[in-house]
Amino acid sequence: MLKAKDYKSDVKPIWCPGCGHYSVLNAITKAFSALEQAPESSVLVSGIGCSSRLPAYVNSYGFHGVHGRALPVAAGLKVARPELNVIALGGDGDGFSIGGNHFIHACRRNVNIVYVVMDNEVYGMTKGQASPTTPEHWDHSKLTPHGPEVRPFQPCAIALAAGASFIARGHSGDPNGLAKILYDAVQHPGFAFVQVLSQCVTFCPEQAQWKDIVHLEEVCTADPVAAANFLHGDDGFAKGVFYRNPRPVWPVTHEQQGSSDIRRGFAL
Amino acid sequence: MKTLTLAMTGSGGTGVVALGEMLLRSAARTGLFGILCKTFGPQIRGGESAAIIRFGPRPLASFGGEIDLLLVLDWTNFQRFADEIPLKPSTVVIGDTAAGARPASIPEGLSVASLDFTGLAQKMGSTHSNIALLGYVAAWLGCDSAQVAASVEQRLHKHSEDTIALAQQVALAGAELAGTTPIPIEPPMAEQYQGEERWLATGNQLAGLGALEAGVRFVAAYPITPASDALEWMAGKIESVGGHLMQAEDELAAVNMAIGAGYGGVPAMTATSGPGLALMSEAMGLAVASETPLVVLNVMRGGPSTGIPTKAEQSDFNLAVYGLHGDAPHVVMSALSVEDCHHVMAWATQVASERQTLVIVLSDQFLGQSIQVLAPLPTTGFKAALLSPEAEPPESSQMQGERYFRYLNTDSGVSPMAVPGQAGTAYTADGLEHSQAAIPSPKAADHELQLDKRERKLQSLADSDQWGLQSILPNARVLVLCWGSLYPIALEAQRLLQDQGVIVNVVGVRLLSPLPLEFIQQSMDAVDQVLVVEQNHLGQFARYLRSFGLSFVSYHRPGPRLFTPVEILQQVEGLNRA
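Protein chains in written order, with the working numbering: chain A, 1 to 268; chain B, 1001 to 1578.
Same shape as in the complex, but just chain B (with noise of 0.2 angstroms):
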């Protein structure tokens, strides 16, 4: 598959995000493909930031690496980018007149050629040169004007008609440019595009669809990096299918709310990423030991403290499987892809609502963000239940004599849990150890039964056929075993292989915890070498997976860097040569 990729900086303010946006569904309207990933310094307005936009025939969850075409607004702060936007001999390089001088980090002898964007748009009456930019570009992608005309109207739709007609003259002026000076390079292709239906979407935004659809009616919210926008778009849908949003007063009140709310049998999350998490811990752990449904959804960043928070890593592993206190068994799940945030975030939900606990799962900047073109996606089927008083009363037989047992020592460890309103079943929920009568108790047997029990009300899931998703081929000598965002870049790497005669499986572990070692065993036992990858310093994946006894190569770095397949590719060639 032909794919291209090309970048676009620019200060805070001129725009390259919004350009970028407009670009990929312009092109999408053709029947392009494509996948955009923004990256920002920390200030998030002002700053520089870049947009970067593979395009291709087919859907893409990832990106290839090195940059085919570089569209500068202003090369402010550009060395900030040099490690995401990794430029090649052959890269083209179109900047706007006024971008301003030229680092001397671009090498000798790029095409570089300066075109003047911001003086089109001035003699138009407008200051939105990335706007001049955009219907230059997306000429030669083949977009007619009416589909630059419809990105640019979606876009700006908050703004003035007047507004919208003036950035349409300058979009079609930028194309008029284009056809005059033509960028020197083909153009991808898309593939006998008959008009199907095309979404556009961030995975924070599927993950929040995922949701949702799969029941949630409470949200608690704390804006953080890069989590604020899942919450965002929920904000403006929840109240539409009958449920609520609440901005709370910080993390800690977040997550209690969504307990609150999960404990009166209303399916409940919350969102955050690494330090919004870490605060959460100390409740997460009351929703274990209440047994209190919980979606807690981390879209992990770079780093402790403020690190890089703009930027993906997948370093919040350790925190999300070992940060709670005491003996809390729980779930913990990664999304897989852009696409899968949609899976995953259902089958969170209507497993925290089944087994009446935690439930923690894994993003990162860049599933979160990323803006992907895809086909519509299926309904999960995926449902928690919204449990209401007036259900039947747990059956009498889970009643011992008068007294409703909320925390029954059942077989599967779930017990029936009955929902305030709910008459002859009142009991307290607490996080103080208890009896299975739901009252306090210091006893070490009470204490034993309890953790027996939350632990084994989890163990089935590490049965089912959710755990993972994986690319098997004939003949294998290889796996690769990756969890999160590396799954669809592991694909592209197996891609790359085959092309080489080297074939190699790709597993991604969507379930974490409790971990599905059979799967995982039964996968690694098919090949002669396997290859863990992921991206955070101290290989944390890895060495959880050791804890199980497995044995394998392990390949790790930290972010924010994003992997490429090459980057894969280049390790399994040296499994090969050892």
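This is chain A alone, in the form it adopts within the complex (with noise of 0.2 angstroms):
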């Protein structure tokens, strides 16, 4: 059986020091130790951004993309080659600003990959500009002097509302509960969504607090009605698994029709 650490390549993270993506990273190889798959039969998918590098620190194979279109780069790579564990991850800004209609569609599709966001509610890899996630008053980024003065998106509930099947949340300082949901969301057949609160401590060193704001909620519940009632009370710090309710995954097999000789139809 392998180790997490086999399942790390050889490349330095280029990550800052105190980042949470580096906690992120030894969960993924936790959960894929416990998972005891290959190595090569897992790819890793990503957008840009600094949590957007982490599959070149994965000993899997990977696919670095552009921004925000992780999710469609592993949907057809699942839909082309379903025996693969795919894993799509990227950030905040990645994912809900210029990846969000993607999100939202593969909520809805429900192609049977997992979804990892890690949140840290800033643009790290520009230097600190406000993400969809930042605080409606977070005055630190000189694009937004007054702080971006628009209500942040809510992940999760906005997961649930476009059929999601599987949500949670993680915190990036509680690596070992990370890779437990990380394993639940593999094993999950489906569209499965984990946002991970993984703080950023060069633009929001504040964030280093979290650590003492999150909270385990054993609320994990089939029912979206309950998923929502919880979500929409949440405080954004709630961790573990939210909702769990599989439902048909993408494509759903049909009775084969027609022939396969594709040239018939052209005949007079």
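Keep in mind the hints are simulated off the structure, nothing from the lab. Possibly wrong hints are sitting among the right ones.
[What the hints assert, rightly or not] Listed next, with one range per pair, are the computed distances between beta-carbon atoms:
| no. | chain 1 | residue 1 | chain 2 | residue 2 | range |
| --- | --- | --- | --- | --- | --- |
| 1 | B | HIS1447 | A | HIS140 | 46 to 56 angstroms |
| 2 | A | VAL252 | B | GLY1013 | 32 to 42 angstroms |
| 3 | B | ALA1113 | A | LEU268 | 24 to 34 angstroms |
| 4 | A | GLU149 | B | SER1305 | 26 to 36 angstroms |
| 5 | B | ALA1391 | A | PRO251 | 49 to 59 angstroms |
| 6 | B | ARG1403 | A | GLU217 | 41 to 51 angstroms |
| 7 | A | ARG263 | B | TYR1193 | 17 to 27 angstroms |
| 8 | B | GLY1013 | A | GLU217 | 21 to 31 angstroms |
| 9 | A | ARG263 | B | GLY1047 | 26 to 36 angstroms |
[Stated by the list, open to error] Counterexamples of contact, computed for chain A against chain B with all Cβ distances above 12 angstroms:
| no. | residue |
| --- | --- |
| 10 | CYS16 |
| 11 | GLY18 |
| 12 | TYR22 |
| 13 | ASN26 |
| 14 | ALA34 |
| 15 | ALA75 |
| 16 | ASN85 |
| 17 | ASP139 |
| 18 | VAL186 |
| 19 | HIS188 |
| 20 | TRP210 |
| 21 | THR221 |
| 22 | VAL225 |
| 23 | ALA226 |
| 24 | GLN256 |
[What the hints assert, rightly or not] In silico DSS-like cross-links for lysine-lysine, where the CA-CA straight-line distance does not exceed 25 angstroms:
| no. | chain 1 | residue 1 | chain 2 | residue 2 |
| --- | --- | --- | --- | --- |
| 25 | A | LYS142 | A | LYS127 |
| 26 | B | LYS1383 | B | LYS1453 |
| 27 | A | LYS8 | A | LYS142 |
| 28 | B | LYS1088 | A | LYS12 |
| 29 | B | LYS1443 | A | LYS8 |
| 30 | B | LYS1002 | B | LYS1123 |
| 31 | A | LYS180 | A | LYS211 |
| 32 | A | LYS127 | A | LYS12 |
| 33 | A | LYS127 | B | LYS1443 |
Note that CB positions come from ideal geometry on N, CA and C, so glycine has one too.
Both chains come to you apart, so use the hints to assemble them.
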């Protein structure tokens, strides 16, 4: 059996000291070890941003794409090669802003992939601008000196409304708990969304306090109404699996109709 | 070759395109060849629509120009087609009595007959005057009732048996009317037809066929006119050969889905039109940099933004050749006729796979949506590899020590590509610049080496015998050089010129980038004068050719008015005078 460290590549991460993504990387390799999967059977697909550099650090196949488009790449790959374990990952800007449309449609499409969003409420790679999940009055960015003045995006509630069949939140300060969530997410048949609170101490040093705020909630339900009620009262720092309700995955298998002679229809 | 051109017009919903298709199908059953061009306003449903069919004894891939017979179900908005349905003094016009007032734009002196197709249909309990007109015109073309009935059934196969039977009776009544009130034109004649197999196909369908036959097993789709029907045709077929078609949420998703599948070793494509190609351009650059096989079929239409979305133009050349960010060596091909859509897509599928790159194929609305009668096409022999994790891993010589060099700098420029599932070769495909070992790298040396490699792997393509099609005649002094849908039109101009004793060569360039410069140079060197023709406002192809130091006369104008052979002939005559 391979250990977590066997799933690490020899490429050195570019992340800042104290970045939460190191712990997410650890959680992923722990989950892979627990899943006992051959390294070559997994593919990590990402977009652009600090978190999207993660595939190179894992001893598995990876695809590092363009900003916001990890989910379509992952979905196309999974549909083309269903035997692979496909995990899309990225950050809050990548996933909820430029990639927001893909996020919504991935939830409703329900291709059997896992989507991990490392949410630090900031664009780190472009040096600290507001992201969709940045608090309304966070005024540290030169681009929005009064704060974004926009209500933050609610990833889990939106995932539920859009039809995701597995919704969870983890915290980078708890890699073991996160590894367990990721393990469950991979096992879930269908689109599994995992929001990870992963601090950026470079641009948002106040996030170091998250470890004192997060709280475990044993609220996993298959009832969308109960999940909605919970998520609307959520302070954003609850962690755990909130919703799990498998439904048919795409592509749906149909009885084969018509001939495989694709030329037949051209004849008079 | 004596040919005859019919046009049918009506407001949306009167069924002129359906009429045209059934007429073409019926005539094909008698051995006639033909091509039908659909034209409609951008509203698709409602508004106006028209179908133009040219019939002849041999395969036809272009339109001659003026209309011999105009059939009118409805005069509403007829003037919108003034450019596309050029009438001549001898044009015969037959209209439904219910067609409304004849517009002032119809020249005095034209023979205009009015027949009661609507009344004929109504008498039998049908509202389909187009079917009565079908029976009438088909009878003139020499179709027997069984041929027309079969065409009606094929078109209406989703309707009830009663509906089909009624339509067949209405068509019969139309045929009887032809006996008492014939069309005063000699019909086109089929040549010694022995019942050989015939196909009816659009360029979009044949593009889909070429892709599937060459091994495409994943299609990502986002609808856009006039590319949608290529995707719709494939949606009905790809599952039966073990593939999948996914409808995406937008063009950016579509192209990225195809990239995901291509990275997984499954030959993949998407199809779009101008605005969609623009949206896909960032991801296409990713395919180039990550060396992921990808085919994008771009069915061109008129203008930027929405432009003229339902009609043809060749104005996405610059976008396809130059439209990517950074230095992004990629392949651009053009389809040289309706049937070449099949060939070029199969070739593109193989090239994308074997060279691990992006291939953009340019077709246009005319090629994509015209329906042509043709002899069954042979399979092309092009094949993309379906990469399997069970395959042998890349040779050990391509491994450097323990590490797999995904982007190894080989002589050919093509590096060994492993696919997920293969042990010992795990790597991260990356649009971020990388080393030969696929490790992200900001080093100038890595960037330069990888760019050289990506360009080098395409250069040998320029020597391919697939680079274009040509019609070379002895003693020609003029070359007509073109690309895409202008090729069959230029070929017809060549025949017209030959009848007048003017010998020209015609070359259609299928491989636009990398440019097959030596072949083009040779064809230019063989003549005194060169005319480059294309259908866009800027002369985009001409400007591109000039950047290679070539000199010639350029004739270009925008769409959507179709080019005619006579127009090219006149340009050649102008050259001679000059």
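Take the C-alpha atoms of LYS8(A) and LYS142(A), compute the straight-line distance between them, and say whether it is at most 25 angstroms.
Roughly 37 angstroms between the alpha carbons, so the hint for LYS8(A) and LYS142(A) is violated.
Run the C-beta distances from ALA75(A) to all of chain B and say if the shortest one exceeds 12 angstroms.
With a cut-off of 12 angstroms, ALA75(A) comes too close to chain B, as the shortest Cβ separation is near 6 angstroms.
Holds or violated: LYS1443(B) with LYS8(A), Cα cutoff 25 angstroms?
Since the Cα atoms of LYS1443(B) and LYS8(A) sit roughly 24 angstroms apart, the hinted pair holds (cutoff 25 angstroms).
Using the Cβ atoms, figure out if VAL252(A) sits within 32 to 42 angstroms of GLY1013(B).
34 angstroms Cβ-Cβ, so the 32 to 42 angstroms window holds.
Could one say that the CB atoms of ARG1403(B) and GLU217(A) fall in the range 41 to 51 angstroms?
44 angstroms, holds
Please check whether the beta-carbon of TYR22(A) is more than 12 angstroms away from every beta-carbon in chain B.
17 angstroms, holds
Note whether the CB distance of HIS1447(B) and HIS140(A) lies within 46 to 56 angstroms or breaks it.
The hint (46 to 56 angstroms, Cβ to Cβ) is violated, given that HIS1447(B) and HIS140(A) are roughly 34 angstroms apart.
Pair hint outcome, LYS1383(B) versus LYS1453(B) [Cα-Cα no greater than 25 angstroms]:
Answer holds: LYS1383(B) to LYS1453(B) is near 23 angstroms, not above 25 angstroms.
GLN256(A) and chain B, when compared Cβ to Cβ, separated by more than 12 angstroms:
The assertion about GLN256(A) is violated, with a minimum of 6 angstroms to chain B.
Does VAL186(A) really sit off the interface, with its C-beta more than 12 angstroms from all C-beta atoms of chain B?
15 angstroms, holds
Far enough from chain B: is every CB of that chain over 12 angstroms from the CB of ALA226(A)?
29 angstroms, holds
Beyond 12 angstroms from each Cβ of chain B, as asserted for VAL225(A):
Consistent with the label, VAL225(A) stays out of reach of chain B, its closest Cβ about 27 angstroms off (over 12 angstroms).
Of the numbered hints listed earlier, those contradicted by the structure are 1, 5, 8, 15, 16, 24, 27, 28 and 30.
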